[in-house]
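**Q** Here is what each chain is made of, one letter per residue.
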Amino acid sequence: MSNFKVINKIYKFSTRGEIDFVDLSNKVQKEVADSEIRNGIVHVFSPHATGILVLTENDCALLEDIKIFLDKLAPKHKEYLHPSNAHSHLRSMLLPPDKTLPIINGRIEFGTWQSLLFVETDVYPRERTIIIQIIGEQ
Amino acid sequence: MSNFKVINKIYKFSTRGEIDFVDLSNKVQKEVADSEIRNGIVHVFSPHATGILVLTENDCALLEDIKIFLDKLAPKHKEYLHPSNAHSHLRSMLLPPDKTLPIINGRIEFGTWQSLLFVETDVYPRERTIIIQIIGEQ
Amino acid sequence: MSNFKVINKIYKFSTRGEIDFVDLSNKVQKEVADSEIRNGIVHVFSPHATGILVLTENDCALLEDIKIFLDKLAPKHKEYLHPSNAHSHLRSMLLPPDKTLPIINGRIEFGTWQSLLFVETDVYPRERTIIIQIIGEQ
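Chains as they are written, first to last, in our numbering: chain A, 1 to 138; chain B, 139 to 276; chain C, 277 to 414.
Honestly, the hints are just simulated from the structure, not real lab data. Where a beta carbon is used, it is the ideal one built from N, C-alpha and C, also for glycine. A hint or two may mislead.
As the list claims (entries may be wrong) - In the DSSO-like style, the derived pairs of lysine-lysine whose C-alpha atoms are separated by at most 30 Å in a straight line are: (1) A/Lys67 x A/Lys78; (2) B/Lys210 x A/Lys67; (3) C/Lys352 x B/Lys205.
Said to hold, decoys possible - Chain A residues, not near chain B, derived (Cβ > 12 Å throughout): (4) Leu24; (5) Ser25; (6) Glu64; (7) Tyr124; (8) Pro125.
Claimed, not checked - Partial pick of chain B residues on the chain A-facing surface, computed with a CB cut under 8 Å: (9) Gly178; (10) Ile204; (11) Leu233; (12) Leu239; (13) Gly249; (14) Ile269.
Just need the whole structure built from these sequences, with the hints factored in.
**A** Encoded structure:
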């Protein structure tokens, strides 16, 4: 009989302003190790309407490309109807703040070039929360 | 020993035409309450190739910005090869009709400004279905 | 008492080059049938930073539209800072290589026009892996 569980963890951190990148890969990998869940999934969710979670290569040049890319997709200076941070909302809608990742033999199966990054899309530094849910068999 | 379950619910509703927004937050929150699942996830999925599920602020001005944003990302009048509603498919591919949300202590942990919205991307009113799956411990 | 399980399967395949489409619907549906999971979810994840998983209609004309659409969203010839395949990374970030799908009565509830497609975004043919996790009650 399998021992199926869900383990919920909360992680809080600060961002330094618009399009700050925070690498959460090691934090989430460690929570999975501590949970002793061997096979299952981890669902990472940020309860914010102006944040993003992506999987991508954590390479300085690429992060700069991403910054320019986000500004091309949902420009900051365009005249929106929603006041002050509509572009922040549009970016978070397009690249939503959640990811589901596979756990096999007690580890998240990140690809070699996949890091889990939080991207601040709001226009000033914020306190942010992520909910890490580890679901599976111990 | 935990009591792990999956509870499947189907919800049907009508849309009034292209880029109609339907707020599903309360419906899904109520299904979670009724399920008596305390900790886990809810997966919401719409089996349609021309629909979208997003988390965003349900604010009239922002919804108008979203309408313009979708038309910028995948314009309606461009010459596509697929007949009649290619732009509807492209929008649904870019912003897919599924979301996974965390349940903690019997409630979905929506952020303050996060509502779960279905967006009709097809070109006429449609009957739509969402599958709500609540997975976790009672 | 329910019999809750997670079953992990690995599938490897080759792509023929940039923007090759590989339809995985039947493969994943078959793994679900073989798993004997009746109700739950299947999480499909590709551990690659230059691949995409989408749900869309597998129609030749639409696939051609998608090719043009990807090139419009993240153009290939633009001057990026990341060398050689920045556009491949940006496309995979925007349309990430994972999907969660509902299983009801032993089958994935694809919509009529929803096929699960892997899209190669890297610039040459690659060996690719997908992790198929079937989670639920037998």
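**Q** The structure should be examined with respect to each hint, and the outcome stated for every one.
**A** Against the structure, the hints come out as follows:
For the proposed pair A/Lys67 and A/Lys78, the alpha carbon gap of about 16 Å is at most 30 Å, so the pair holds. A C-alpha spacing of about 19 Å is found between B/Lys210 and A/Lys67, which places the hinted pair at or below 30 Å, so the restraint holds. Distance check on the hinted pair: C/Lys352 and B/Lys205 sit about 27 Å apart at the alpha-carbon level, within 30 Å; holds. For A/Leu24, the condition that its CB be more than 12 Å from all CB atoms of chain B holds, with the nearest at approximately 15 Å.
Residue-level check passed: A/Ser25 sits 19 Å from the nearest beta carbon of chain B, beyond 12 Å. Under the 12 Å C-beta cut-off, the non-interface status given to A/Glu64 relative to chain B holds; the minimum distance is some 22 Å. Every CB of chain B lies more than 12 Å from the CB of A/Tyr124, the least distance being 15 Å, so the non-interface label holds. No beta-carbon of chain B is positioned within 12 Å of the beta-carbon of A/Pro125; the least distance is around 17 Å.
Interface hint status for B/Gly178: upheld, as the beta-carbon distance to the closest one in chain A is roughly 5 Å, under 8 Å. Annotation: interface hint on B/Ile204 holds; nearest CB of chain A at approximately 7 Å, less than 8 Å. Hint status for B/Leu233: holds, given a least beta-carbon distance of 7 Å to chain A, under 8 Å. Of the supplied interface hints, the one on B/Leu239 holds, with its beta-carbon coming within about 7 Å of a beta-carbon of chain A, less than 8 Å.
Of the supplied interface hints, the one on B/Gly249 holds, with its beta-carbon coming within about 3 Å of a beta-carbon of chain A, less than 8 Å. At about 16 Å, the closest approach between the beta carbon of B/Ile269 and any beta carbon in chain A exceeds 8 Å, and the interface hint on this residue is violated.
In the structure shown, a violation is registered for the earlier hint numbered 14 alone.
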